[in-house]
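Undergrad: Based on the provided sequences and hints, a complete structural model is requested.
So the sequence shown is numbered by my numbering: it starts at 54 and just counts up by one.
Don't read these hints as lab results, they were simulated from the structure. Quick caveat: nothing in here was measured; it's all calculated off a predicted structure. Virtual Cβ for every residue (Gly too), placed ideally from N, Cα, C. Worth double-checking, as some hints may not be accurate.
[As the list claims (entries may be wrong)] Restraint ranges, calculated between C-beta atoms of paired labels, are given here:
1) Arg-125 with Asp-725: 56 to 66 Å
2) Ala-399 with Ala-321: 41 to 51 Å
3) Arg-125 with Ala-446: 48 to 58 Å
4) Glu-325 with Glu-673: 44 to 54 Å
5) Ala-629 with Arg-103: 24 to 34 Å
6) Arg-618 with Arg-521: 45 to 55 Å
7) Ala-446 with Arg-492: 19 to 29 Å
8) Ala-620 with Asp-551: 47 to 57 Å
9) Ala-232 with Leu-77: 36 to 46 Å
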Amino acid sequence: MISRLLVANRGEIARRVFATCRALGVQTVAVHSDADADAPFVAEADQAVRLPGDTPAETYLRVELILDAARRCGADAVHPGYGFLAENAEFAAAVTDAGLTWVGPPAKVIAVMGDKLAAKGLLAEAGVPMLPSWTDTAVVSDFPVLVKASAGGGGRGMRIVRDADALAGAVASARREAAAAFGDGTVFIERYVERGRHVEVQIFGDTHGRVVALGDRECSIQRRHQKIVEEAPAVVPERVRTALHEAAVAAGRAVDYVGAGTVEFLLAPGGEFFFLEMNTRLQVEHPVTELCTGLDLVGLQLLVAEGEPLPATLPVGSGHAVEVRLCAEDAAAGWRPATGTLHRFAVPQVAAEFGGLAGPGLRLDSGVVAGSVVGVHYDSMLAKLIAWGRTRAEATRLLSAALARAELHGVTTNRDLLVRVLRSSAFAAVEIDTGFLDRHAEVFAPLLPADRVPLSALAAALASAAGRRASATVLAGLPSGWRNVPAVPQVTRFSGPDGEVEVRYRLDRVGGLAEWSANPTATGTDPTADGATDLTGTDSAAGRPAVALVEATPGRVVLDVDGVRCAYRVHRVGSAVFVDGPDGAASLVELPRLPLPTAQVAAGSLLAPLPGAVTRVHVEVGQRVAAGDPLLTLEAMKLEHPVLAPTDGVVVELPVPAGGQVRTGAVLAVIDN
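TA: Now the structure itself:
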């Protein structure tokens, strides 16, 4: 039996495996890079070993370091998690050769399935339906096609190509990204199915020759070919479900599969389906299967790795589970990764973490906690939030409500997009496919409407004033800023999601809101002029709602807005103010009343949105460009991010060469228009 398990991974999946180990009495070992030294998964392990390395991203790929850590800690088994070395056949063989138990399929199975081209040929012989594919760009004539990395997954190295002129560039870009992510730049080309759905089957095999299907999942809502919303079971006709399960089990039997695996298929609109790939590991979305079946898939992995047979009777799935991947990224800005300190991470009504949900409710599998620092070295996923309900609608409603109320402060996330997807009529009607986000631009809008931002800013200003009153040593009984002559209001300026917001307000002697106004343009504008939001006193004027102050403390403000009480939770960290209200969340920065002079950048400068490496420069100084032309490519969080010209003009500066590292705010290029 396994007594001490080393997890050769990080973040959320390491914490997930540790949770099962604690329940089974198995001791745990974490390995970590310098960047992860203070991460939650390191603190939760019984033992932890630092992995030295030149860059944090490479440390988890060093096989010899991981095996040495296992030897030093006396571990007798290794769990690879997902990503990094999870589907590396050489790593699996090295673990076995070292006399350790490998929690996964045999190395030979990983090798066969890891080569997607070889896997397609092998499984086609087993009767699994396949899409046509090519390795030679010269023979591709049927568009659109999908360029795919032969090694690895997770959407990296994938490109949709709709015409022959774009094929060579897409192949080159996919090769670079695949080589950076998996150490193998081999790609192939496959026919692309328009409006196809991504469905998959969870299989399990044991060392006694048994392979079973444990249910199916729908994973069609994707960005950059990476899943962000998953659910179980997939909403498909029973005849299609039966055929999917039979094909998945046939694939597993064809390679004598052992352990947890996922067979992924592309479902065409007419019900026909085709093999995509087999992932020889636990999937990120495994919790939805666990909630529907009541099984602990990590526990089953350990059972099979110890040589035990799968249980003779396995549960039939019930209910419906929906999962979202909460990522540190700005969805509306081309999925730009976000970094920073997570000042608050609180999700309401969570009933279980990493498993153990016994009925309808929410489960949270998170790699971060409040205070975690989100850097650029790893994938942008912060956590997974999963809901189980008796029906799909019940699970979706529960999940979207909790996600909307979550307090996520300090790092930009895709939370608003996820909520809008879950609440969309198309999602409710199961009108989904892998192109869902391309067709539904409305889901990229923030939850907080622009016309409600001034109310959040007012709440922030009143909470700040309440904080000053709470710490006052003189005349603490008077409202903040109260004057006998009410001619001059209090003024607080914020930097908001769409620019500056200036709030002017005056309190009466008993602390009521005598008057207020908010001017979104802020600088040098009369707050009562056209374009300002003037919500004054208690009377509704010009069709605008009236606002009255009910309660104001440093952490909570209650406003009566046209007869409706609205509560705002306010959290301040330095000059940053995070406001969570009934309409959505706002991240504001209170601006100084007398700002100090700051360094100015040249007009037309393009600044780095986050730290990273410039991998390619596409233009030269003196070259004329048009708006939207690619200027350079920035690599961060394992993905390439094109930097495009914002306007027509001439490139006058390119201060960072290819291969150069940049910090947030560094000048990448200057365009003179």
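Undergrad: Quick one: which hint numbers does this structure break? Sort them smallest to largest.
TA: Hints 6 and 8 contradicted; others consistent.
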